[in-house]
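Engineer: Between the sequences and the hints, there should be enough to build the whole structure, so can you do that?
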Amino acid sequence: MPKVAINSTAPDFVLTDYQGRPVRLSDYRGRKQVVLVFNRGFF
Amino acid sequence: MAQLRQDWAKFSKRDAEILVIGPEDAQAFADYFTKEDLPFVGLPNPDHSVLKLYGQEINLFKLGRMPAQVIVDKQGQARFVHYGHAMSDIPTNEELYLLNNLGRTCLALPKSARHVMAMPLSIERIRRTVRAVGRVGS
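Note that the protein sequences, when read in sequence, are chains A and B.
The first sequence begins at 1 in our numbering and counts up one residue at a time.
The second sequence begins at 1001 in our numbering and counts up one residue at a time.
Mixed in with the good hints, there may be bad ones.
Below 30 Å or equal to it, Euclidean Cα-Cα: the simulated DSBU-like pairs (lysine-lysine) are [claimed, not checked]:
{"#": "1", "chain 1": "B", "residue 1": "K1035", "chain 2": "B", "residue 2": "K1052"}
{"#": "2", "chain 1": "B", "residue 1": "K1074", "chain 2": "A", "residue 2": "K32"}
{"#": "3", "chain 1": "B", "residue 1": "K1010", "chain 2": "A", "residue 2": "K32"}
Calculated directly from the structure, the hints in this document are not laboratory data.
Structural biologist: Here you go:
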């Protein structure tokens, strides 16, 4: 059974969005919930 | 993705941002997001760093890189994790929305129900859980 770290802090990351803006997960803290959608591929 | 866009307003009203992370490069994201007019935050991750981070730390993608969703609450806690065993094994937006909506309710669930929430879920299991949560909440 894979261990899923539910109810623990989601690992923080910074990525640049496709329009060149930096996006940090922790910047949403206290402001918004986040739905992370990990996509395998669009095409 | 098209379905996700239709439901985006609902997520947005719930103070939820949708971040789409994928292995394509920025140009592929730009092409696709422009063509489909997607309002989400699109995060190219061609070096797979975040995909790997989540794979390692919360064991997403254990069975290969399948679609996966993680709901992170306002305190930065991962409250719901799902990964599919097949491309079609994705919760509907209605189900994701319900789970999102019920984020706080889930904490009040009996431990046994939370255990179900914490397991890698099949789509059938999610549907059962959503129904169970609905009952507990009502």
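Engineer: Hints first: check each against the structure and report whether it holds.
Structural biologist: Here is how each hint holds up against the structure:
1. Only pairs whose Cα atoms come within 30 Å are accepted, and K1035(B) paired with K1052(B) is accepted, the gap being roughly 28 Å.
2. Annotation: proposed proximity of K1074(B) to K32(A) holds, straight-line Cα distance about 5 Å (limit 30 Å).
3. Straight-line distance between C-alpha atoms of K1010(B) and K32(A) comes to about 13 Å, which keeps the hinted pair within the 30 Å bound.
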